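Number of protein chains: 2
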Amino acid sequence: MNAGTHPTHDTSPSGTVLTSGRNDSAVDRATEAARRVIDALLRTDRGNANLERVAEELNGVAQHLESHSPAVEERLIDMWNGEGVTRHDPVTGLENAIAPPLVLEGKSDGSVEGTVELTLAYQGPPGHVHGGVSALLLDHTLGVANAWSGKSGMTAQLNIRYHSPTPLFEPLTVTAKLDTVDGRKINTVGNIRTADGRICVSVEGLFIDKTVPRPR
Amino acid sequence: MNAGTHPTHDTSPSGTVLTSGRNDSAVDRATEAARRVIDALLRTDRGNANLERVAEELNGVAQHLESHSPAVEERLIDMWNGEGVTRHDPVTGLENAIAPPLVLEGKSDGSVEGTVELTLAYQGPPGHVHGGVSALLLDHTLGVANAWSGKSGMTAQLNIRYHSPTPLFEPLTVTAKLDTVDGRKINTVGNIRTADGRICVSVEGLFIDKTVPRPR
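Chains as they are written, first to last, in our numbering: chain P, 1 to 216; chain S, 1 to 216.
Calculated directly from the structure, the hints in this document are not laboratory data.
If you're wondering where the values come from, they're calculated on a predicted model, not measured in any experiment.
Glycine included, C-beta positions come from ideal geometry on N, C-alpha and C.
Wrong hints could be hidden among the right ones.
What the simulated footprint calls covered on chain P by chain S, stretch by stretch (three residues with Cβ under 8 Å from a Cβ of chain S suffice, anywhere in the stretch; the number is not a length) [said to hold, decoys possible]:
#1 95 to 101
#2 158 to 170
Now the in silico label distances, taken between C-beta atoms and shown as ranges [claimed, not checked]:
#3 S/Glu-204 with P/Gly-183: 22 to 28 Å
#4 S/Gln-157 with P/Thr-119: 22 to 28 Å
#5 S/Gly-150 with P/Ser-12: 49 to 55 Å
#6 P/Thr-115 with S/Ser-152: 45 to 51 Å
#7 S/Glu-170 with P/Gly-183: 31 to 37 Å
#8 S/Ser-152 with P/Asp-196: 25 to 31 Å
#9 S/Ile-77 with P/Thr-115: 26 to 32 Å
#10 S/Pro-171 with P/Arg-184: 30 to 36 Å
#11 P/Asp-209 with S/Val-17: 41 to 47 Å
#12 S/Asp-179 with P/Ser-67: 46 to 52 Å
#13 P/Arg-46 with S/Asp-179: 36 to 42 Å
#14 S/Ile-199 with P/Val-17: 34 to 40 Å
Between the sequences and the hints, there should be enough to build the whole structure, so can you do that?
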């Protein structure tokens, strides 16, 4: 997808998926399995699982992957190839095992929205989402909302308010919408809420309209 | 470590490590190997590595770990056992493969500080740290700074400013310090800077003094 063809609410129908799509490729399946390992490592009984063997097997997998890795400069060019949606970011990236991953759809009112359930790896207070993880999800979603409105910019400022605890293991809706544009300043708002509509975290973001060159 | 014995700059020497320590346990080695897998999955040549086999092997590891996992409620009690430093948070947790992990030391002036190099999994703009990842590191570091000053609270508000791009693959210093206390309101500041002292991101945080009960 080229920058010129990035979907916006002027050109695309409501419900357009704005994040990288699942394509059932081997890399997507391997990354999904890595997510399962991250979660299972946090869940498993430390005294009962054979963690020595797990360490050996994971190091073996890493060694195989590393032996087929190009230099990072070369890989960066490849991973940023094309101008549209990427597949590697830490929020929506299907090839990034750190990403939950969040799937975001564009709405006809200009907002973007996605629902996600977070697990133990994202925990802050007992049984609840880490405040910094909420910030991570919101920052990214605000950027996608800008793109859906035909804008792109670098984060300049985020004002984040924590209204009520954000639960793990429950569907959370993450939403954002470009609010105003004043010259190169883009103001975008968003929030995270529970299934029954309780707002957990809200954010106001200021972005500066500029394009970041991709490596080539 | 009990809450009563959590180190503070009144009771402990400068240079006290405030995050979970490496203990060369099997779970730490397995988690370190999982971090290596996350990174290698992003680096590897999609056309050359045997990603089908990698997916199979990772699912096999996950299945073994899951077959030894207690119910999540039971595991939550175990992971929050004790009152001091935890080992599972997404920033400093040695048992959480999502955590870089950041190691924080307490200083005699009341600040806390740590240095970390971030890799591809934490990427936002090309070759640079995701703005939301910076927010995650700062939120957590502010909380640790509060503890080092003998306070603890829930994040109520974060004002984050992005001054200049935050590079991947370079040592970044993350620092925070409790600034003022006004009744139950705790104001804490922090920043992320490069090795040559350039400030990339700064934050002002407001925390509300309250204790979150641990599951038991």
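Hint check:
1. Using a Cβ-Cβ cut-off of 8 Å, 4 residues of the region 95 to 101 of chain P lie near chain S, which meets the minimum of three, so the contact claim holds.
2. Against chain S, the region 158 to 170 of chain P contributes 7 residues with a C-beta closer than 8 Å to a partner C-beta. That satisfies the three-residue criterion, and the hint holds.
3. Between S/Glu-204 and P/Gly-183 the C-beta distance comes to about 26 Å, which sits within the given range of 22 to 28 Å.
4. Taking 22 to 28 Å as the suggested C-beta distance range, the pair S/Gln-157 and P/Thr-119 conforms, at roughly 26 Å.
5. Remark: the range hint 49 to 55 Å for S/Gly-150 to P/Ser-12 is upheld by a beta-carbon distance near 53 Å.
6. Between P/Thr-115 and S/Ser-152 the C-beta distance comes to about 31 Å, which lies outside the given range of 45 to 51 Å.
7. Range check, S/Glu-170 to P/Gly-183: about 32 Å between beta-carbon atoms, so the 31 to 37 Å window is met.
8. One distance hint, 25 to 31 Å for the beta-carbon pair S/Ser-152 and P/Asp-196, holds here, with the actual separation near 29 Å.
9. In this structure the supplied range 26 to 32 Å holds for S/Ile-77 paired with P/Thr-115, their Cβ-Cβ distance being about 28 Å.
10. Take S/Pro-171 and P/Arg-184: their Cβ atoms lie about 32 Å apart, and the range 30 to 36 Å holds.
11. At roughly 42 Å, the beta carbons of P/Asp-209 and S/Val-17 sit within the given window of 41 to 47 Å.
12. About 49 Å separates the C-beta atoms of S/Asp-179 and P/Ser-67, a value consistent with the hinted range of 46 to 52 Å.
13. In this structure the supplied range 36 to 42 Å holds for P/Arg-46 paired with S/Asp-179, their Cβ-Cβ distance being about 39 Å.
14. Taking 34 to 40 Å as the suggested C-beta distance range, the pair S/Ile-199 and P/Val-17 conforms, at roughly 37 Å.
In this structure, only the earlier hint numbered 6 is contradicted, and the remaining ones agree with it.
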